[in-house]
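For this one, chain A is given, so just place chain B on it according to the hints.
Taken in order, these protein sequences are the chains called A and B.
In this text, residue positions in the first sequence follow the working numbering: the first is 1, and each later residue adds one.
In this text, residue positions in the second sequence follow the working numbering: the first is 1001, and each later residue adds one.
These are calculated hints, taken from the structure and not from any lab test.
Just to be clear, a hint being listed does not mean it is correct.
What the hints assert, rightly or not - Derived Cβ-Cβ restraints for the label pairs, each shown as a range:
#	chain 1	residue 1	chain 2	residue 2	range
1	A	Asp-266	B	Ser-1058	39 to 47 Å
2	B	Val-1061	A	Gly-338	46 to 54 Å
3	A	Gly-338	B	Gly-1096	41 to 49 Å
4	A	Thr-24	B	Pro-1057	50 to 58 Å
5	B	Asp-1069	A	Asp-356	52 to 60 Å
6	A	Asp-356	B	Lys-1017	37 to 45 Å
7	B	Leu-1074	A	Gly-102	28 to 36 Å
8	B	Thr-1008	A	Leu-363	33 to 41 Å
9	A	Glu-219	B	Gly-1131	22 to 30 Å
10	B	Ser-1058	A	Asp-123	21 to 29 Å
A quick note: this is a predicted structure, and the numbers were derived from the prediction, not measured.
Where is the CB? At the ideal position from N, CA and C, for every residue including glycine.
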Amino acid sequence: MAALLVSAFSAQAEVPGQLGALGTAKLQEETSIQKAPPSDSKRVYVMDPGHFQMTSTVYTIDGKNTKLLGMVDAGKLPHVMVAGDGKFLAVASTMYSRVARGKRDDYLEIVDPQTLEIKADIDIPEGRFLTGVLERLAALSVDDKHLLFQQFAPSPGVGLVDLESKSFVKVMDVPDCYHIFPTAKQNFFMHCRDGSLLQVSYDNKGNTKQKPTKVFHAENEYLLNNPFYSNSINRLAWPTYEGKVFQAKLSESGAEFLKPIEVFTDKEKADKWRPGGWMTIAYHKGRNELYLLADQREKWTHKLPSRFVFVVDATSGKRLRKLELKHEIDSIAVSQDGSPYLYAVSAEAKSLFTFDAVSGKQLGTLDELGRAPSMVFVADK
Amino acid sequence: NEAQAATTGNLTRSGFKPQDKDPKACDYWRHCSIDGNLCDCCGGTLTSCPPGSSLSPSSWVASCYNPGDQQTYLIAYRDCCGKQTCGRCSCVNTQGELPIYRPEFSNDIVWCFGADNDAMTYHCTISPVVGKAS
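The following block holds chain B by itself, in its conformation from the complex:
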């Protein structure tokens, strides 16, 4: 629902409470360690980049719990790059997020490494599943 693109379900100090109904909300289960903007609100989808941006092959990861099937999945957050920050559906979650010296779990990094045209500018982030986490 584009009318509700403003982020809902932002993280509070009482912790991340995932839902599996609305992927454009900050508390959607796959976004448990996202930092930036949800591509779904920027012309992309949950797993695809908006037109005109470059999809980075590099990522940070997190294990996110899906309340729908009570399973935990590894999500590889990939950035869509080469455009100005999208600005819609801003969202910062930090489930299992580790400091910069553990970069594979660190979401402050602009994860645009390897994007076409050496695009290193952050536009938004997608939340594809890599596999089950154990």
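Looking at chain A on its own, in the form it has when it is part of the complex:
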């Protein structure tokens, strides 16, 4: 029998080394590896950190058809960043040599959005800030040439990675500030404990100049952990626990603070409408609309999911729509094209729900997305 098999497969030119000719059958059909279509404005990524698990999954999804295109593996509490033009995906991860112990290794992977192949694997110091993942604790620069990641311990810092030379440069010292909001010409802003922003400009070697803005919110106005920020228009929109949205336009010449918006009426506030979830705010550039994920809730329940999205004009604060999603949603994002979709992810349902962002009509569902998918990312342009 063995001799028969060998002769049957002898026509195969190359066979996998570990298997030999024996198990390599000649097929009647062509087999291949799929390639995803080019990234477009409705490409969306869902990240499942699995409640602090050692490995995570990034789901690559065609938002138009709510179709899963493929997956990217990541380590513990990874940061996912989409290049401005959607041309690559960057994932900053942490792994250990023996599952959850042993030698720690932090690294940055650059992923091709069509083949999902790893185009670069860049070693970084073991200093990533491990938290329930906050979107802006790591960021691509506006020109996608640098990557910046936050360090918390032993002291606050921002790691600088040069993506062109595929090398780590330096951890730049910063004061007691958090989040990274890049602007042009090698600048970024952070939000500091004292209620100001800090502007940091840096050169290619990681030398910095730093300048604080005014204090823009009171000590008892708590800013939720995941603001909206756009690398392309440098617009920051940041809700408080009570639904007041602070906004700023950032540039290399400084921060321009806009008039804060109250999303809820006094009556709604009395009825306990508050934002809640994980990524609670999105913004559509073309329509100048802010989307806030909210529900009726007691104080101090700000991380529980919500079932509604309030849409307001980002300049006047005027209420435009109130969308009822009818699911327990943790995070939202909005595609930036002319007929935008609202993407909503639910850890409880382990699903991504797609809605028409204007009508609020549900268009699609993608289920079985890991253990606790909680974050959603779209291309900025």
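Using the frame of chain A, we list chain B on its own:
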């Protein structure tokens, strides 16, 4: 009761309603700002880590109301580290929980700083009392 290790008393939008009878339930009063897994369900206790894990000396804190004696106590949540996430008795409460720029009250952070062997991987959390809150 190990048979009931699946978390009970999870936080809802109607708020945290503490009880003082079952420390393995999510609504036990000391867990008012816990985020992760209760070590009591993972081989540890309310104040001790499971075997083989590393106890972190760093913590975030919260003031939790004890309905048993109507007093409020400061709880210093310490993580047990160096193992995969326990997964049992998952629990997220956020009484007085503040954003990341107020890290002493922020429970999203992996509070493993200072654990033996530089263990920075999250396994579970214990809820020891530091003292009375005023």
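Each hint tested on the structure:
| no. | hint | in the structure |
| --- | --- | --- |
| 1 | A/Asp-266 - B/Ser-1058: 39 to 47 Å | 41 Å, holds |
| 2 | B/Val-1061 - A/Gly-338: 46 to 54 Å | 48 Å, holds |
| 3 | A/Gly-338 - B/Gly-1096: 41 to 49 Å | 43 Å, holds |
| 4 | A/Thr-24 - B/Pro-1057: 50 to 58 Å | 56 Å, holds |
| 5 | B/Asp-1069 - A/Asp-356: 52 to 60 Å | 54 Å, holds |
| 6 | A/Asp-356 - B/Lys-1017: 37 to 45 Å | 38 Å, holds |
| 7 | B/Leu-1074 - A/Gly-102: 28 to 36 Å | 35 Å, holds |
| 8 | B/Thr-1008 - A/Leu-363: 33 to 41 Å | 36 Å, holds |
| 9 | A/Glu-219 - B/Gly-1131: 22 to 30 Å | 24 Å, holds |
| 10 | B/Ser-1058 - A/Asp-123: 21 to 29 Å | 27 Å, holds |
Going down the numbered hints, you'll see the structure goes against none, and every one checks out.
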